[in-house]
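A.B. asks: Here are the chains, one letter per residue:
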Amino acid sequence: MPTDPEPNLTRYVDALSDAMAVAMDLDPKVFVFGLDVDDHRAIQGSTRGLVDRFGAERVFTTPLSEDAMTGVAIGAAMAGMRPVHVHIRMDFLMLCMNQLVNIAAKSHYMYGGAVRVPMVVRSIIGKSWGQGAQHSQALQSMFMHVPGLKVVAPSNAHDAKGCLIAAVEDNNPVIFIEHRLLYPTRADVPEGRYTVEFGKARVCARGDDITIVGISNMVMECLRAHELLTERGIDAEIVDPISLVPLDIDTIIASARRTRRLLVVDNAWMNCGASAEIVARVSEVLGEDGIKVRRMGFAQTTCPTSPWLENAFYPNPATIATAAHAMVKPDAADWTPDPERAKLAYQSEFRGPF
Amino acid sequence: MRRVYRSLRRLRRAEEVTAEIYPSDKIKSPVHLSIGQEAVTVGIVDTLMAEDYVAGSYRCHAAYIAKGGDLPAMYAEMYGKSTGCAKGRGGSMHLIETPHNIIGSSAVVGTHIPVAVGHALALKREGKGRLVAVFLGDGATEEGAFYESLNFASLHKLPVLFVCENNGFAIHTPLAKRWATRRLCERVETFGIPAVRIGDGDVFAIRDAATDAAKAIRNGQGPQFIECETYRWREHVGPGEDYDDGYRERADQAPWVKNDQVARLAGMLGARERDSIDAEIEAEIAAAVDFAENSPEPEPEELWDNVYAD
Chain A
1 MPTDPEPNLT RYVDALSDAM AVAMDLDPKV FVFGLDVDDH RAIQGSTRGL
51 VDRFGAERVF TTPLSEDAMT GVAIGAAMAG MRPVHVHIRM DFLMLCMNQL
101 VNIAAKSHYM YGGAVRVPMV VRSIIGKSWG QGAQHSQALQ SMFMHVPGLK
151 VVAPSNAHDA KGCLIAAVED NNPVIFIEHR LLYPTRADVP EGRYTVEFGK
201 ARVCARGDDI TIVGISNMVM ECLRAHELLT ERGIDAEIVD PISLVPLDID
251 TIIASARRTR RLLVVDNAWM NCGASAEIVA RVSEVLGEDG IKVRRMGFAQ
301 TTCPTSPWLE NAFYPNPATI ATAAHAMVKP DAADWTPDPE RAKLAYQSEF
351 RGPF
Chain B
1 MRRVYRSLRR LRRAEEVTAE IYPSDKIKSP VHLSIGQEAV TVGIVDTLMA
51 EDYVAGSYRC HAAYIAKGGD LPAMYAEMYG KSTGCAKGRG GSMHLIETPH
101 NIIGSSAVVG THIPVAVGHA LALKREGKGR LVAVFLGDGA TEEGAFYESL
151 NFASLHKLPV LFVCENNGFA IHTPLAKRWA TRRLCERVET FGIPAVRIGD
201 GDVFAIRDAA TDAAKAIRNG QGPQFIECET YRWREHVGPG EDYDDGYRER
251 ADQAPWVKND QVARLAGMLG ARERDSIDAE IEAEIAAAVD FAENSPEPEP
301 EELWDNVYAD
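So the sequences go chain by chain: A and B.
The numbers in the first sequence follow this note's numbering, run straight up by one, and end at 354.
The numbers in the second sequence follow this note's numbering, run straight up by one, and end at 310.
The reader is advised that the hints may include incorrect statements.
Stated by the list, open to error - Each pair of labels, with its calculated beta carbon distance range:
#1 B:V108 / A:A332: 51 to 57 Å
#2 A:H40 / B:T181: 47 to 53 Å
#3 B:E301 / A:R232: 49 to 55 Å
These are calculated hints, taken from the structure and not from any lab test.
Backbone N, C-alpha and C define an ideal beta-carbon position, used for all residues, glycine too.
Could you put the whole structure together from the sequences, leaning on the hints where they help?
C.D. replies: See below:
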């Protein structure tokens with residue numbers, strides 16, 4: 001039997017199921033539902049053990065009726081329960097948009113504060129192994145656009161657990177965005193209940209030369225880029241916003257004011273995206289100071305399935321480091337790190353199929 | 001009888017008064033009046049318990065009033081005042097009142113149906129025998145969420161009474177241009193949900209059907225469905241009549257006027273009793289309108305209240 005290389009660290013996927021168990025244990029009003037949450041695969045392990053522990057009334061699968069099931073979650077939430085609605089891919093949230101945008105986001109406001117909608121929508125972004133056009137979308141900006149929703153995208157196991165418990169305890173609808181490739185990544189995860197506060201960014205690495213904001217799994221890629229840049233004598237500051245609504249823009253502004261350079265790397269398209277929002281808000285404050293800004297994200301194409309095409313679709317540590325280098329040293333010769341050294345273990349680990 | 005008449009008459013007059021006020025432009029809100037359709041609401045709500053929930057569509061005034069919703073707060077809401085049931089954020093199409101278990105109504109057709117089913121899920125878990133009555137129009141039965149909701153409610157035997165107020169039009173488009181067949185109850189029955197159709201708008205027939213349905217629901221038999229044919233006397237939205245618009249004719253309305261349940265029950269009461277009820281209603285409505293007229297306008301800063309819950 002192979003020994004666990006990191007026995008004291010917890011996987012992202014296990015942090016999620018742990019968070020659910022903690023939240024359900026603390027509050028009998030919490031329930032989790034969605035297609036396959038109670039089956040033997042347990043949403044790739046993220047709902048593992050819940051049905052055995054909490055029973056079929058609190059952990060149950062649903063028909064393929066994303067629209068109505070979202071409405072059911074909203075209604076149950078208004079009636080005092082705390083539903084967690086799980087979607088195995090974020091792309092299916094398109095079927096929930098009517099309820100999420102027209103009802104969940106608006107009810108507290110539209111009904112003058114008479115009701116609250118404390119619900120969590122868990123959804124997983126896919127990547128690679130041919131996930132392609134309809135299994136890899138990262139649609140955070142669509143939800144950021146609408147007042148009344150909160151949007152969080154934790155990038156590591158510690159924040160996944162703390163954010164999920166915070167999301168369940170929040171009295172608003174929370175779009176909880178996970179990334180499939182982060183599931184096997186590990187972090188130090190405390191036992192029991194703790195929360196990671198929304199609206200408070202984390203500075204993951206200190207540096208004075210450039211501020212790089214990474215969103216969701218792009219935090220991992222930015223941290224690898226940070227290592228590569230260090231070898232070139234560039235100190236990058238890496239910021240993880242953790243929650244996109246509310247957004248801790250002050251931490252990003254403070255960092256960019258010091259470094260004079262801001263690169264925002266989203267795991268999504270840039271048009272009207274989170275990267276556009278962050279750059280715009282920083283520019284409104286620091287624009288007259290002449291700071292340098294740049295964005296990176298998905299190519300503005302549909303996501304292809306061929307690995308060779310897909311490699312060109314996503315930002316990666318090499319392209320991030322290259323861009324940051326060009327911003328910090330515009331007069332130096334172009335530099336691109338060795339692609340082999342830019343690869344991340346968590347990417348090659350994923351062998352599908354889902 | 002007295003109670004049913006009072007409820008019918010109250011709905012009719014509250015809506016007529018709204019229509020009378022409307023040309024003054026004091027109600028800057030798209031009103032979808034229930035005039036002509038009162039018997040459906042009253043027949044259903046009269047059998048409910050105070051602890052039960054109701055949910056309505058954007059044509060929601062009737063369910064709100066019949067279930068006991070605060071009348072001054074309804075007019076204030078339509079006037080856009082801070083004292084409205086939604087503090088002036090919802091208007092005519094988004095009435096709500098939590099003390100009387102009136103679920104917030106919704107303007108996007110059919111969206112309130114799964115929300116009502118979600119309440120029913122919570123009530124089933126609660127286990128106290130409460131139910132949800134959800135009113136929906138014939139147009140809402142064309143939405144996917146309607147069928148998704150029927151299936152889920154039946155699968156989990158949820159305590160919900162679906163009531164279709166079939167007035168024959170989606171805005172101005174008649175059923176014949178929208179439904180492949182008229183067999184709505186059959187469609188619903190395939191989900192394992194007992195369904196009855198009441199074609200003549202008789203308030204007592206509706207109440208009897210609702211009484212049976214509520215009993216079955218409280219016995220744990222799962223959701224029930226009632227289709228009530230009815231007729232909208234006024235335009236789809238707004239205070240007026242529209243029989244000269246070309247999409248329907250005055251003659252279509254005639255049998256429903258002849259069969260008007262408000263007039264029918266008025267005729268079943270003695271004049272003195274009826275007059276006393278009518279006078280009470282007029283005074284109540286006048287006071288409610290007065291409350292709305294004299295309520296304060298919201299301050300601009302209130303715009304930012306309740307975006308997020310604490």
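A.B. asks: State for each hint whether it applies.
C.D. replies: For each hint, the structure was consulted:
no., hint, in the structure
1, B:V108 / A:A332: 51 to 57 Å, "56 Å, holds"
2, A:H40 / B:T181: 47 to 53 Å, "42 Å, violated"
3, B:E301 / A:R232: 49 to 55 Å, "52 Å, holds"
Comparing the model with each numbered hint stated earlier shows that hint 2 is the single one that does not hold.
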